[in-house]
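Using the sequences provided together with the hints, build the complete structure.
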Amino acid sequence: MSMLRAFLPKGLLVLLAGLSLVGCTSVQKAGIVVSVVKVAATEVALTDRKVVLQLRLQNENLMAIALASTVHKVYFNGIYFGEAVGRKPVALMERGDVPYEVTLTLADAAQAARLREVLQSGVVNYRLETRMLCDAGGEDLYLVSKDSGQLPSR
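Residue numbers for the sequence shown follow numbering that gives the first Met the number 0, so the first one is 0 and each next one is one higher.
Rather than coming from a laboratory, the hints here were simulated on the basis of the structure.
The list that follows gives simulated cross-link-like pairs (lysine-lysine, DSS-like), each with its CA atoms no further than 25 Å apart:
hint	residue 1	residue 2
1	K37	K145
2	K145	K72
3	K145	K87
What follows is a set of in silico ranges between Cβ atoms, one per label pair, in the way DEER data are often shown:
hint	residue 1	residue 2	range
4	V97	G77	24 to 30 Å
5	E59	Y79	23 to 29 Å
6	G137	G77	36 to 42 Å
7	T46	R94	36 to 42 Å
8	S120	S68	30 to 36 Å
9	R94	R48	36 to 42 Å
10	A109	Y141	28 to 34 Å
Glycine is no exception: its CB is placed at the ideal position from the N, C-alpha and C atoms.
Following this line, the structure appears as structure tokens:
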């Protein structure tokens with residue numbers, strides 16, 4: 000009986016750790032959808048070569064997920080503009096969504112001018128290739144999402 004008491008707390012800890020890992024690994028089956036809501040590209044931001052992207056993270060899973068950080072490869076109208084990084088941890092409730100801001104750093108002034116042209120062209124299609132770091136109880140797991148769409152009209 001005393002051996003059972005000694006095993007029980009450790010067994011529960013292992014079981015809970017396993018369940019938390021199952022939550023993150025099952026994400027790939029249902030997925031997380033990452034979409035662009037708005038591009039905050041003011042003249043000042045383009046001069047500084049930093050553009051804020053307002054995203055929406057949608058958790059299609061039946062359990063909550065904790066993301067430690069995100070990296071997004073950003074394309075507008077088929078042109079690659081670089082990687083936007085989100086360093087703010089975020090919790091996604093089951094079947095829920097949250098707004099999320101990331102910063103896209105442009106390579107140079109020419110790329111800033113190209114982005115200005117694309118955003119003023121009228122119809123702007125985007126493509127995001129996202130890699131998310133999921134905190135699974137001390138173990139890092141990476142989740143991947145690919146999404147495309149059209150920016151809302153101004």
